[in-house]
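Fit chain B to the given chain A structure using the hints.
Below, each chain spelled out in residue letters.
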Amino acid sequence: MEMPAPDAGILARKAAIVAGLQALLPADAVISDPMETRAYECDALTAYRCPPLAAVLPSSTEEVAAVLKFCHEQGVPVVPRGSGTSLAGGALPTADSVILGVARLNRVLETDYADRVIRVQTGRTNLSVTGAVEEDGFFYAPDPSSQLACAIAGNIAMNSGGAHCLKYGVTTNNLLGVTLVTMQGEVVEIGGAHLDAAGYDLLGLLCGSEGQLGVVTEASLRILRKPEGARPVLMGFDSSEVAGACVSDIIQAGVLPVAMEFMDKLCIRVCEDFAHAGYPDTEALLIVEVEGSDAEIDEQLAKILEIARRHNPAELRESKSAEESALIWKGRKSAFGAMGQINDYMCLDGTIPVSQLPFVLRRISEMSEEYGLQVGNVFHAGDGNMHPLILFDANKPGDLELCEAFGAEILKLCVEVGGCLTGEHGVGIEKRDLMLVQYTPEDIESQLRVKDVFDPKWLLNPAKVFPLSSTESRRSAAVADAA
Amino acid sequence: MRPQDETELAAAVAEAAAAGTGLRIRGGGTRSALGYAVEGEVLETGGLSGITLYEPGALTLVAQAGTPMAEIEAALAAEGQQLPFEPMDHRGIFGTTGEPTIGGVVAANVSGPRRIQAGACRDSAIGVRFVDGRGVVLKNGGRVMKNVTGYDLVKLMAGAHGTLGVLSEVSFKVLPMAETTGLVTLKGLTPEAAVGAMSRALGSPFDVSGAAHVPGPGSVTMIRVEGFEGAIRYRSATLRDLLADFGAAEVSLEPAENAAAWRAVRDADAVAGGGGDLWRLSVRPSDAPKVLAALQAEAALLDWGGGLIWARLPEGRDARPALEGVGGHATLVRASDATKARLGVFHPEPAPLARISAGLRAQFDPRGILNPGRMG
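These protein sequence lines are chains A and B, in that order. For what it's worth, our numbering labels the leading residue of the first sequence as 843, then goes sequentially. For what it's worth, our numbering labels the leading residue of the second sequence as 2, then goes sequentially.
Check each hint, because a few of them may be wrong.
[As the list claims (entries may be wrong)] Anything over 10 Å on all C-beta distances counts as not near chain B; from chain A, calculated: (1) 864; (2) 875; (3) 951; (4) 977; (5) 1031; (6) 1034; (7) 1108; (8) 1123; (9) 1209; (10) 1260.
[Said to hold, decoys possible] Under the rule of at most 16 Å between Cα atoms (straight-line distance), these lysine to aspartate or glutamate pairs were calculated in the EDC-like manner: (11) A:1068 - B:208; (12) B:140 - A:1287; (13) A:1145 - B:208; (14) B:140 - A:1285; (15) A:1172 - A:1115; (16) A:1145 - A:1083; (17) A:1175 - B:230; (18) A:1009 - B:208; (19) B:140 - A:1284.
Calculated directly from the structure, the hints in this document are not laboratory data. This structure is a prediction, so every number in the text was calculated from the model and none was measured. Positions of the beta carbon are idealized from the N, C-alpha and C atoms, including for glycine.
For reference, chain A alone in the conformation it holds in the complex (with noise of 0.2 Å):
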C-alpha cells in the first residue's frame, strides 16, 4: 500500500509544530522523540508502519479542539487514533502528520437506566461501557472481537459490529449523541440522550466516516438490559452449502437467532485445538444463539432444531450448562488469536447476500488452489459479513503481495455477487484501492464533497478510504495552501 510522500515543509517545522502544542497541552501529553512516536507507527495492520511527527493526548475536549485548530492554521495532518486495534490501517501515521490519541478521555459522565442511556468519553473502551453497567443488568450492544481493547471513538469512526448485530444493530444503531470537534477547532452538540436528531441525519454520516470529518471526544449510546439467558446450540454439517441453506431456513421461519456463527473445516479444527471446545470433525459448523428464559429458549430451539434435521446434521447439540456455552463461544471467539499461533494470516472482511453463502465458499476454495493459499472461513451468517482468513508466510518474499492479491479477488468477488467491500473493519488504507470496485468515479465525488464541507483543507486522516488518485488534486491544493 502507498502512501502519500510526506510534505517537507511541515516535516522542516518539526521543532516549531511541537512547540506549538507543548503551548497547548500538559508536558507529558506531547510526544516528540522519535523512539516515543513509535509506540503510534501502525495499529493492528502491523505490516504498514510509519512514525507520526509528533503524538498529542488530550484530556478534554477543549484540549482537542485547541489542538485541531491549531493544526488547522498549521496546514498540518491530524490522524485520529482510539485504541490504536484497526485491522484496515485507519489510524495508520505518515510522517508529517500528528497523532491524535484519545485514550486519556476514558471517564463515564452520565448513567441513565430510566432512559436507558450512557454519556462516556469516547477513549473508553467498548467493553468497559458495558463494564460501568452490568452490575445493574444492563449492557451495550456492539461487541466488536477488540472490545477488550478498542476505544467507543474507534467504534464510531469505523462503525463497528460484532457477533450479535442480527438483533442488536451496529454502532450506527445503538448511538443517540455525540460532541463533535470539527478541523477548525469548534465543539459541536448533535443529537442526546432523546431519538433521532434534529435536521439532516449528520450522526448517521459521521458514524464510520473514519476519522475524516471530524473527533468525537463523547458519546451518548443506549444501553439495554440484559436478556435473562442465552443459549446456543452446535451444528455440524458435510458441506458449507447446507450450513449455508440451515441459516436461510432459519431466518425464513421467523426466529430471529441473536446470533448465527460460522466456521469451516480448517478454522474448526485450530479453533478445537486451542479451546478444547468439543467442536465436531465436519466440514462445516454452525453456533446459532437464541436468548431469553429458559422456557422461551427452549420454545425457539424447539423449532431451530427441527429446521436443522432437516439438513441431515452430523452433529446437533444443545448446550446443557453455563460452562458448556462458554466453551462453545471460547472457540468461536478465539478464532483468530488460534490461526495467528499456527501461521500468519490476512483477515478480509467482505459482505455477500446471505443467499450468495454456497457460491461464494465454493469460488474461494477455488481460488485457494490457484494461489497456492489455505483459507480459513470464519463468519457472522447470518449477516452475511465473511471474514476469510488467508494463511501467508510472512518471511517468505513475495508472499504477502500474493496475498494480498487473493485477498483482493476476493473483496471483487463479494461486490460481484451484491456484497460490500467491508462489513464492520472499514477501509482505511488495506480497501482503499478498491473502492472503485464498489463505485463509480461520480459515488466516490459525491463522498469527497462530503469531506469538502467538513474538511475543506483536507487535513483530517486524508489519505485513507478512497483511492489516493480520487483525492490528490484535493490533498495537493492543501498542501499548496500551507505553503
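Same frame as chain A, now just chain B:
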C-alpha cells in the same frame, strides 16, 4: 414530469438544473404538507415503481422509490415479514388521499411505535440510489445489512426531504412478523406515572416493542411485546406483575384489537382531529411529563416510552419554549403557511451545524432546484 425510469429521471433533473427550474418532488403526495410549501414544477416518482428484489431468506427487500407502500407491505406479509420500523401513515393527520410510496417514507425518515426497539427508518435502510441536483445518478450502501464501505449517505438521504437528491431506489433490512402480539394496558395514570411505568417496562429484559400513553381523563398506557406465543404469554403476564404498583393492568393477546390499538398510536389518531397546530417533539423520556405540562396541549399522545410527544396546540402558539432547560427538538408538523413561516417548521440549528447543513446542500444541489425551501 413523470419519468418512467432512472435514466429519464436523471435527464429530467439535469434539464431542470440547466434551466434553473425548481422541482417539487412528489411520490404519492400524502405527505406533501411536511416542511414548508415548495414552489416548482412537479416531478412525480410514481413511474419508478416495483419491487426490484426480495429475498426473504436474506431479510432483504429492494424497491423503486415510487412503489406504493401497500404493494411492499403485501409482498412482505405474504412471506410473514415486515418493515421493522412500522412507518406512520400521514393521511390521517393531513387528511390527504392517494397512495403513500416507499420513497416518501425514506425521504421523511418515517417511523412508528417500534422505532424504540427496532430503530427508525434510517436504521433499516441499507442502500439508496438517487439523482443529485446535477442530474447525476449516484448510489450508496447496497443490499447487505453490514456495510461500512465509504461514508453512509443512506442515513443522510433518509430524512433529507428530497433536498439532497431524488431517490430512485431504496433497500431495506426486513424482519419476521411476530407470531403473537401481547398488549398490557394500564388505565388512569398521570403522565409522570405513565412514563415511570413505560420506563420500567422498557428497562425489563422483555424486548418491549411499543410503549405509548394517551393522557387526559381516562388516560390509557399501553405496553407491547411481540414474539412466539409461549414467550408472549409469559412476558405479558410478567410485565403485568412488574407494573402492579402502577395499578391493575389488563393483558390482551387478541390480534385484531391489538393491531388496531397500535395503528392508532402509529398514525397519531389521538391528536389528528380538530383544528389547531400539530407539533412533534423528540425528548429524553423522563423529561416528557414536564414538557407536556408546559405545552398545555389541547390533545396529546406520548409514544416511544415518552420520548416522542405529539401535541395539538391552539393555532399560532409556539411549542419550543416548553423545551427550555431540557434537550430535544420540536417540529411543527401541521399548521398554516403563515404560522410555519413565523414559528419555523424545523428546530433551529446551532450555527456550526447550520453551516454544515447548508454546505451539504450546496454540494448535492448546487443550483438549489430540489424541493427548494422544503427544509427552510
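Consistency of the hints with the structure:
Look at residue 864 of chain A: its CB is around 28 Å from the nearest CB on chain B, clear of 10 Å, so calling it non-interface holds up. Its beta-carbon lying about 35 Å from the closest one in chain B, residue 875 of chain A satisfies the requirement of being farther than 10 Å from that chain. With a least beta-carbon separation of about 14 Å from chain B, residue 951 of chain A lies farther than 10 Å from that chain, consistent with its non-interface assignment. For residue 977 of chain A, the requirement that its beta carbon stay farther than 10 Å from each beta carbon of chain B is met, with the minimum near 15 Å.
For residue 1031 of chain A, the non-interface assignment is contradicted: its Cβ lies about 7 Å from the closest Cβ of chain B, within the 10 Å cut-off. At the 10 Å boundary, the C-beta of residue 1034 of chain A falls inside the reach of chain B, the nearest C-beta of that chain being 4 Å off. Every C-beta of chain B lies more than 10 Å from that of residue 1108 of chain A, the closest at about 23 Å, which supports listing it as non-interface. Every C-beta of chain B lies more than 10 Å from that of residue 1123 of chain A, the closest at about 28 Å, which supports listing it as non-interface.
A cut-off of 10 Å between C-beta atoms confirms that residue 1209 of chain A is not in contact with chain B; the least separation is 21 Å. With a minimum CB-CB distance of about 6 Å to chain B, residue 1260 of chain A fails to clear the 10 Å threshold, and the non-interface call is violated. In summary, the hint linking residue 1068 of chain A to residue 208 of chain B is supported, as the alpha carbons are separated by about 10 Å, within the 16 Å threshold. Distance check on the hinted pair: residue 140 of chain B and residue 1287 of chain A sit about 11 Å apart at the alpha-carbon level, within 16 Å; holds.
About 20 Å separates the Cα atoms of residue 1145 of chain A and residue 208 of chain B, which puts this hinted pair outside 16 Å; it is violated. The straight-line distance between the Cα atoms of residue 140 of chain B and residue 1285 of chain A is roughly 6 Å, inside the 16 Å bound, and the hint therefore holds. Of the pairs offered as hints, the one joining residue 1172 of chain A and residue 1115 of chain A holds, with about 12 Å between alpha carbons and a cut-off of 16 Å not exceeded. With a CA separation close to 21 Å, the supplied pair residue 1145 of chain A and residue 1083 of chain A exceeds the 16 Å bound.
Of the supplied pair hints, the one linking residue 1175 of chain A and residue 230 of chain B is violated, its CA atoms being roughly 33 Å apart against a limit of 16 Å. For the proposed pair residue 1009 of chain A and residue 208 of chain B, the alpha carbon gap of about 11 Å is at most 16 Å, so the pair holds. Distance hint between residue 140 of chain B and residue 1284 of chain A is fulfilled; the C-alpha atoms sit about 9 Å from each other, no more than 16 Å.
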